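4 protein chains.
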Amino acid sequence: MTQAHHPIEIKPAKGKLGILMVGLGAVATTFVAGVEGIRKGVRKPIGSLTQNGHIRLGKRTDHRNPLVKELIPLADLNDFVYGAWDIFPDNGYEAACKAGVLPRDLLDKVKDDLSVLEPMKAVFDQTYCSRLQGTHVKTKTNKMELAEALIQEIAEFKKKNNCDRLTMIWCASTEAYNTLSPSHQNVKSFEEGLKNNDPRISPSMIYAYAALKSKIGFANGAPNLSVDCPAMNELAKEMGVPISGKDFKTGQTLMKTIVAPGLAARYLKLTGWYSTNILGNRDGEVLDAPENFKTKETSKLSVLDSILKPDLYPDLYKDLYHKVRINYYPPRGDNKEGWDNIDIVGWMGMPMQLKIDFLCRDSILAAPLVLDLVLFMDLAHRAGMRGIQEWLSFYYKAPMTKEGLEPVHNLFHQEMKLLNTLRYMMGEDQITHLGIEYYQE
Amino acid sequence: MTQAHHPIEIKPAKGKLGILMVGLGAVATTFVAGVEGIRKGVRKPIGSLTQNGHIRLGKRTDHRNPLVKELIPLADLNDFVYGAWDIFPDNGYEAACKAGVLPRDLLDKVKDDLSVLEPMKAVFDQTYCSRLQGTHVKTKTNKMELAEALIQEIAEFKKKNNCDRLTMIWCASTEAYNTLSPSHQNVKSFEEGLKNNDPRISPSMIYAYAALKSKIGFANGAPNLSVDCPAMNELAKEMGVPISGKDFKTGQTLMKTIVAPGLAARYLKLTGWYSTNILGNRDGEVLDAPENFKTKETSKLSVLDSILKPDLYPDLYKDLYHKVRINYYPPRGDNKEGWDNIDIVGWMGMPMQLKIDFLCRDSILAAPLVLDLVLFMDLAHRAGMRGIQEWLSFYYKAPMTKEGLEPVHNLFHQEMKLLNTLRYMMGEDQITHLGIEYYQE
Amino acid sequence: MTQAHHPIEIKPAKGKLGILMVGLGAVATTFVAGVEGIRKGVRKPIGSLTQNGHIRLGKRTDHRNPLVKELIPLADLNDFVYGAWDIFPDNGYEAACKAGVLPRDLLDKVKDDLSVLEPMKAVFDQTYCSRLQGTHVKTKTNKMELAEALIQEIAEFKKKNNCDRLTMIWCASTEAYNTLSPSHQNVKSFEEGLKNNDPRISPSMIYAYAALKSKIGFANGAPNLSVDCPAMNELAKEMGVPISGKDFKTGQTLMKTIVAPGLAARYLKLTGWYSTNILGNRDGEVLDAPENFKTKETSKLSVLDSILKPDLYPDLYKDLYHKVRINYYPPRGDNKEGWDNIDIVGWMGMPMQLKIDFLCRDSILAAPLVLDLVLFMDLAHRAGMRGIQEWLSFYYKAPMTKEGLEPVHNLFHQEMKLLNTLRYMMGEDQITHLGIEYYQE
Amino acid sequence: MTQAHHPIEIKPAKGKLGILMVGLGAVATTFVAGVEGIRKGVRKPIGSLTQNGHIRLGKRTDHRNPLVKELIPLADLNDFVYGAWDIFPDNGYEAACKAGVLPRDLLDKVKDDLSVLEPMKAVFDQTYCSRLQGTHVKTKTNKMELAEALIQEIAEFKKKNNCDRLTMIWCASTEAYNTLSPSHQNVKSFEEGLKNNDPRISPSMIYAYAALKSKIGFANGAPNLSVDCPAMNELAKEMGVPISGKDFKTGQTLMKTIVAPGLAARYLKLTGWYSTNILGNRDGEVLDAPENFKTKETSKLSVLDSILKPDLYPDLYKDLYHKVRINYYPPRGDNKEGWDNIDIVGWMGMPMQLKIDFLCRDSILAAPLVLDLVLFMDLAHRAGMRGIQEWLSFYYKAPMTKEGLEPVHNLFHQEMKLLNTLRYMMGEDQITHLGIEYYQE
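The listed protein sequences derive, respectively, from chains A, B, C and D.
Just so we're aligned: 427 in this note's numbering is position 427 of the first sequence, and the numbers increase by one with no gaps anywhere.
Just so we're aligned: 297 in this note's numbering is position 297 of the second sequence, and the numbers increase by one with no gaps anywhere.
Just so we're aligned: 339 in this note's numbering is position 339 of the third sequence, and the numbers increase by one with no gaps anywhere.
Just so we're aligned: 209 in this note's numbering is position 209 of the fourth sequence, and the numbers increase by one with no gaps anywhere.
Simulated from the structure, these hints should not be mistaken for lab results.
On a predicted model such as this, the values are computed, not experimentally measured, just so you know.
Do not rely on the hints blindly, as some may be mistaken.
No copy labels: a pair is met if it fits in one copy or bridges any two.
Below, computed lysine-lysine pairings styled on BS3-like, alpha-carbon distance capped at 27 Å [claimed, not checked]: (1) Lys44 to Lys98; (2) Lys318 to Lys44; (3) Lys98 to Lys109; (4) Lys215 to Lys140.
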């Protein structure tokens with residue numbers, strides 16, 4: 001525990017908060033169904049730090065553990081308003097039924113809330129998603145016009161719903177693999193690219209541009225670049241809005257960033273880590289295309305190096321063979337299964353093995369992250385925190401950081417970073433777990 | 001990162017360090033074989049923080065990551081001298097062969113180092129260990145005389161081996177279940193109990209008493225009480241020596257304190273956690289007796305409550321059904337298998353499951369903990385840190401704390417506590433993972 | 001394929017078949033719900049050989065594969081009438097809801113069929129089932145009077161429901177461990193025992209006696225002795241009715257009798273087989289009592305010896321360490337989990353391991369066995385096959401055999417025995433899988 | 001049990017039996033090391049039916065269970081002589097060390113026996129094995145010349161080693177995917193193809209041709225076509241020699257043909273079966289090439305259809321989604337891991353899951369199959385059984401059958417076929433498991 005700072009000034013969270021979701025599929029509808037279920041008292045907000053979390057303040061013996069949402073001025077769930085774009089015209093209820101994440105009798109309890117959610121036509125480009133055939137899409141002559149159409153829709157949405165603030169979050173599928181090109185270098189080149197239909201500008205970037213230009217924060221739940229480029233960072237700072245990403249950390253990667261820090265804390269050597277996934281939802285279908293899987297694979301592979309630090313620990317981690325597989329397996333639907341085999345070497349070179357089988361549910365794990373991110377992005381905006389929000393790394397498979405700063409993947413360092421940031425914002429002492437003072441006489 | 005303190009004064013680690021092990025079985029011989037193997041360059045010191053660990057100092061961008069053993073003045077492995085007591089007369093090599101932890105060809109590389117290690121006669125009491133028949137035991141008329149015999153052996157060992165410092169560590173089997181009695185309340189009542197042969201004073205307490213009276217620290221690798229009572233705490237402070245315990249954290253409980261903090265960080269509800277172990281070594285045989293299993297069970301069950309905090313989170317963790325089983329299964333020998341099934345409930349009440357199968361090796365995981373504890377207990381002694389060393393919780397299933405302080409079981413909080421304690425001792429800044437300064441312009 | 005016999009004479013299956021179930025809990029209600037669901041076309045009869053099975057007749061190249069139910073004159077599901085006894089007064093629908101095996105919306109489709117099923121008062125004896133407190137039980141001065149009360153109820157049921165034939169099946173919990181006593185030696189001593197209230201005569205034996213005296217076959221789905229004693233065998237032959245048992249083969253033991261024959265066919269050595277179960281239904285609660293678990297354990301342990309034949313294969317199977325555990329684990333309800341670890345030794349003594357995790361459902365696996373047994377017991381009765389029906393071993397964990405004959409536990413030998421018995425009854429050739437004739441020119 | 005036939009006439013097994021192995025890698029060296037270890041009494045012949053198996057003759061109550069090798073006139077292990085071809089020049093000991101299947105101290109006990117085994121230069125064609133670079137290969141102008149070179153080597157081997165009989169077995173890697181072409185239609189076209197260097201004639205076919213022309217049986221341990229074509233069948237019959245194949249049934253497919261028949265016996269519906277393998281030996285490396293994996297995949301995928309019969313059982317098995325993956329994973333070496341997830345639907349449509357994790361060893365499972373096949377192929381030859389030996393299906397993943405006959409994959413039907421064939425050869429009764437006679441009075 002160390003000395004406190006002055007609290008940061010945060011504007012109050014009054015009025016409606018408009019939540020704009022790109023993609024009205026399994027994740028988005030499960031999020032909306034859940035929030036409305038919570039408001040109706042049908043279910044508890046399991047999985048959400050903002051709704052459940054207590055935060056320790058001061059010394060262990062002080063017993064100060066307020067709820068996060070009591071300590072921090074977060075938006076109220078009753079102030080939520082939803083908007084969405086999708087490449088299919090199904091309303092929220094129809095989309096949720098097709099997604100098959102939640103049982104029908106549960107969905108029916110929030111049927112009205114979901115049914116009113118009619119998606120706007122999406123910005124779509126088949127080269128970024130070969131497995132899906134969008135039928136509910138905007139057609140314009142260039143990408144700048146698409147962006148302008150989005151900007152106009154955002155403004156109309158805000159006015160129509162009488163919103164005080166808005167935030168945008170990407171809940172759609174993974175786009176095909178892409179790397180930085182000259183268009184992504186700064187705002188000017190990016191706008192040129194939009195006008196010239198640069199093929200390297202993907203749909204998610206057009207949404208992000210529209211959001212930032214509208215002074216709205218953008219959170220990216222998929223591994224595609226979107227706001228992770230110099231142009232968007234520049235624009236976010238210019239507009240004074242927060243950005244964060246990439247790729248909701250759920251399922252197997254969540255487990256990996258829990259287990260790997262534990263094995264590393266014990267300095268156990270790893271020779272192999274084999275991860276395979278079976279899933280049968282639309283996400284699985286999209287990732288069955290090699291170019292989309294590559295985007296995901298890059299996101300999934302990076303975590304171990306950052307946690308294990310093979311450069312510092314060549315004897316322990318330099319020869320680790322890490323392999324990640326995703327298999328489209330329709331019998332499972334949204335109910336993913338992630339299986340890991342970890343080959344460990346211990347004291348005196350003796351081999352051991354660890355096997356983890358996670359029978360999980362993709363969207364069930366993602367939905368509460370959407371809720372927390374929406375609330376924290378709105379908080380950051382009101383607190384004047386603009387550009388990359390590294391303190392939200394906790395929620396992402398491939399956290400964005402300032403240039404020159406290595407991302408932190410260890411879930412427990414991420415959790416510490418998040419909680420200490422909240423303490424910092426409120427002018428409370430940092431927690432260090434030192435605790436030597438209890439033993440000093 | 002927060003403001004630094006002045007470094008603590010630490011006496012240099014010069015001269016021989018005598019390591020006195022209670023129990024010369026699988027753990028102790030694997031520890032000695034390993035250390036000697038490392039000294040000979042036969043194997044790397046996998047699993048040991050003191051031998052492998054780097055410690056980050058300062059900001060992430062400072063890139064200061066010295067080795068722990070370069071930063072902190074630890075004893076040199078070349079200065080180790082070993083002593084042991086055991087209820088069987090086998091020397092270290094014979095005992096290691098019977099334990100069957102390490103392959104014979106590996107043992108043969110350190111045969112000489114193990115063979116010279118002849119155990120002294122043990123203090124033994126069958127009521128605390130019904131499954132073993134000790135043949136190499138001390139016989140005295142009362143427990144005080146047993147303690148005095150140990151004290152004399154310690155003095156002789158120190159002199160004979162020309163040791164600068166000594167430390168004692170319990171590497172023997174788990175004793176039968178025991179609770180605090182009047183004898184354990186203070187030094188005076190304890191000494192009365194020794195003289196009157198109080199049946200509630202177990203062998204491990206007699207060793208601990210002898211160690212502390214000889215001004216030697218005592219680390220407790222099993223779940224029996226030993227130094228975990230007011231009398232021993234009082235004596236440790238009086239004598240100016242460190243004590244720590246209880247129960248080396250290896251195998252299934254290690255995994256539990258890795259995984260549970262991860263699930264709790266995500267506020268996932270848990271309805272059931274079923275843990276079963278199969279192991280076939282002497283430890284498994286001893287734990288096949290219900291009274292000894294009870295001691296272990298108590299140690300193993302406590303971890304989840306402390307991590308999950310059902311009082312703070314009744315909706316999430318109050319109804320958790322936690323069951324731990326240990327099965328003696330001879331086909332496995334020292335190669336334990338720990339299987340966990342975890343029943344999880346997520347967003348909207350949807351059930352998920354996590355299965356973990358850890359094909360591990362008991363003594364292989366414990367041996368490097370012995371090494372680290374021996375070095376850190378010696379460090380604490382030289383740094384004038386007396387009484388309970390809570391900062392060593394990282395190594396224990398049931399960490400000892402000052403009265404009134406709840407133990408910390410979360411492996412990552414324990415790691416933080418350990419590393420920040422090292423930083424504190426050296427006058428370095430505490431790490432908080434806040435990192436807001438990188439983003440403040 | 002070998003020479004055919006004359007078909008056996010079988011009386012036609014005309015008129016109502018009354019099915020008398022002892023125990024109206026998870027298994028019985030799932031059976032009734034399923035049969036009625038099948039009749040209504042709500043679900044397919046998955047898991048039932050009599051409803052799905054085709055049977056190969058003649059040579060492979062003949063392509064004669066009629067449905068079993070077309071070849072063999074079985075009772076029609078539309079002719080079923082149900083009766084039951086239970087220690088609780090809940091009707092079939094209430095009991096099914098409490099059991100929680102089937103989702104409510106599915107149960108509601110057969111609500112009427114279940115609701116009319118009102119249990120008769122049970123014969124109950126707490127010494128055989130310490131964990132349950134029966135509230136709906138018969139009270140008489142001795143066991144013979146209890147038997148006579150049952151006999152009278154059976155006669156009334158038959159008349160009231162206008163049944164052509166009846167059959168009785170034990171679907172209740174496992175009774176406490178019991179062995180043969182003098183009362184069980186012959187019909188005369190048994191009747192003496194009934195009159196004298198011999199404590200060694202358990203409730204299931206009273207039901208069995210009542211059934212046989214009423215000229216009704218008795219199938220035993222639990223591991224208690226019931227009809228597995230000389231007295232009942234004598235009575236069954238005298239009355240001309242079939243008996244079969246013991247203990248429905250589902251879950252882990254089913255898997256064991258599938259996998260063990262495969263490993264044995266390959267002459268792989270086994271050193272250890274560790275089986276643990278977690279289940280949370282009423283069965284799990286009853287088996288939490290050591291005296292009831294002992295009955296189950298005996299049933300579960302016997303299968304490996306019979307399949308592996310350690311006397312013939314001492315090098316391979318004499319040192320096998322076999323351990324079976326059942327843990328009551330409420331979070332799982334009826335959804336059992338059976339986990340097996342098998343330690344294998346192969347060529348040149350090299351160790352291998354096999355791990356099986358069966359996420360199954362107790363009553364879902366048992367219900368179709370009830371259906372098949374009811375139909376085959378009725379068939380046997382009409383075919384004049386009296387006494388022990390060893391050909392039904394396929395359905396049981398601990399098959400009953402004629403004295404002096406070792407039971408067959410290998411599932412595939414049991415299947416062969418069942419199918420070749422059906423072929424034999426119809427005068428068809430036996431299948432031997434020789435097939436040499438296809439290659440003889 | 002059915003009526004016996006006259007025994008078949010079998011020539012005695014006197015004199016040396018020459019065993020010609022194509023490929024002197026992990027499987028072949030493990031086989032030779034094992035046989036020599038057995039002869040020296042170092043190890044028991046675990047995994048071999050011919051060396052361990054007892055066979056039941058007559059009624060269960062007859063208690064006639066002779067050893068297979070006592071009943072049937074098999075060659076003696078002491079009469080074995082080994083020859084091999086390989087694409088690398090390492091002798092048997094060097095190759096076994098590189099394969100890393102057996103620990104060095106075990107190999108050293110048969111070092112002399114392995115060291116003398118110097119491979120002859122191989123017939124190699126890189127288009128059939130892109131991942132390996134053969135350095136020890138024959139160079140000829142056409143494939144007929146290669147065949148003639150092999151024929152000459154065979155004759156020389158027989159003479160030099162004074163062999164009474166020879167048999168050839170393919171123990172090399174899987175060849176790239178291939179289908180039947182005009183060259184494979186009959187002996188004449190095949191010989192034309194050899195002369196014209198038809199690219200569709202793979203190395204394994206050249207070996208097979210050479211074997212058959214030399215009047216030697218050929219057993220095929222890999223999934224490539226080799227003898228599985230009309231031309232080879234014609235030639236085998238013409239020369240009076242047995243042929244058998246394809247692909248040693250070990251590991252995951254072995255488990256699949258054990259478990260699937262069990263689930264099918266219970267008429268449980270299957271919706272998905274996902275199988276993944278990780279292995280790191282030379283076989284894994286070769287199968288990392290898509291064209292070689294395709295050959296293996298075809299072999300592995302076929303088994304379920306044959307066992308489950310989706311045409312007879314469309315409701316149960318038509319929608320089964322079956323996926324097989326093999327991943328080259330170097331940390332594992334020869335120690336394969338096969339993981340299966342099986343999605344099951346039971347009574348009333350309720351879902352269940354079965355997970356199997358087989359920590360096995362590729363060559364350890366294959367070596368005893370080589371031993372049995374060598375002995376049974378030699379037996380068949382002496383018994384005048386020429387052409388396809390379907391009764392050896394028990395040993396193969398993709399059993400060869402006469403045209404028009406569906407292969408049998410159910411391990412238990414295969415075992416029955418094998419054992420009843422042995423009974424048939426000796427004039428003993430067929431076993432049918434009917435057993436009705438025990439109950440007929």
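Do the hints match the structure? See the list:
no.: 1; hint: Lys44 to Lys98; result: both (24 Å within a copy, 24 Å between copies)
no.: 2; hint: Lys318 to Lys44; result: between (44 Å within a copy, 14 Å between copies)
no.: 3; hint: Lys98 to Lys109; result: both (17 Å within a copy, 24 Å between copies)
no.: 4; hint: Lys215 to Lys140; result: within (23 Å within a copy, 76 Å between copies)
The structure agrees with every numbered hint stated previously.
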